[in-house]
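For my numbering, count along the sequence shown from 1 and bump the result up by 85.
The set of hints was computed from the structure by calculation and includes no laboratory data. These numbers were taken from a predicted model, which means no experiment stands behind them. Wrong hints could be hidden among the right ones.
Below are the DSSO-like pairs computed for lysine-lysine, each with C-alpha atoms no more than 30 Å apart in a straight line [as the list claims (entries may be wrong)]: (1) Lys283 <-> Lys259; (2) Lys275 <-> Lys241; (3) Lys241 <-> Lys283; (4) Lys259 <-> Lys241.
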Amino acid sequence: MRKNMELPSDPADLQLLLHALVDGELDAATTLALERRLVDDPALAAEHARIAALQTAVRNLPRPGVSDAFQARIAALGVAPQAAARPASAHSAWLGWRAMAASILVTAVLTSGLTQWAMTRNAPDSFAAAVASSHRRSLLAASPVDVASSDRHTVKPWLDARIGLSPAAPDLAKDGFSLLGGRVEVITDKPVPALVYKHREHLITLVAAPQDGRTASIPAGAERAAGGFSLIRWADGAFTYWAISDTDRATLEDFVNRFREAAAAG
């Protein structure tokens with residue numbers, strides 16, 4: 086494996102690589118080189134998050150029904166299934182029609198205004214996927230934070246100066262969760278503050294998104310898995326929080342409970 090693999094400079098080629106990365110089609114060397122590039126290139130990282138979110142949204146689209154009229158229109162194009170050649174494959178032919186219809190629908194979604202509808206409809210899943218991608222990139226970076234400090238009076242002003250908002254940033258070292266600092270993340274094309282805590286050998290990223298219709302639609306306390314990580318979501322009226330880590334679920338729940346208590350206490 087080459088230590089410093091060169092990536093293409095052409096934007097179109099980089100776009101193809103991002104799609105291949107989301108689809109899991111790159112070799113280990115290219116994947117590592119591209120993920121290192123994402124750490125240093127916020128615009129490229131934002132595009133990667135957008136592609137991952139779109140993939141999640143399209144995957145969650147409802148399966149379409151296929152009407153007789155629609156089948157007739159496809160048949161008129163000269164691509165009718167060969168059911169007559171194999172009488173026993175009627176069920177397979179029907180599945181073929183469904184696959185073709187689904188393919189056409191996905192193409193229409195990707196090339197029309199329905200793309201925005203799909204991403205909005207599945208915004209919670211898209212946001213979770215983007216949070217998971219940002220956490221994964223931070224694990225590969227030389228440093229998971231942009232401002233390194235356990236002092237909230239350093240972290241909060243730093244975030245405020247850059248994006249105009251910051252969540253509570255208590256140091257929970259006495260509870261086993263040390264505040265390492267903070268960074269600015271770009272999630273679904275918007276800059277949001279992120280705090281980073283450490284518990285033993287595990288990092289916990291806490292993304293705080295200002296509440297709006299896209300994030301507040303998830304029931305409070307929702308839990309899920311995202312990108313192979315454990316993730317817990319909750320809200321406090323000002324922010325919607327997403328805590329994500331590769332630590333065990335019980336530890337992440339303990340962190341969330343202690344953070345909420347400390348934040349409420351001021």
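Structure-based check of each hint:
no., hint, verdict
1, Lys283 <-> Lys259, "12 Å, holds"
2, Lys275 <-> Lys241, "18 Å, holds"
3, Lys241 <-> Lys283, "18 Å, holds"
4, Lys259 <-> Lys241, "20 Å, holds"
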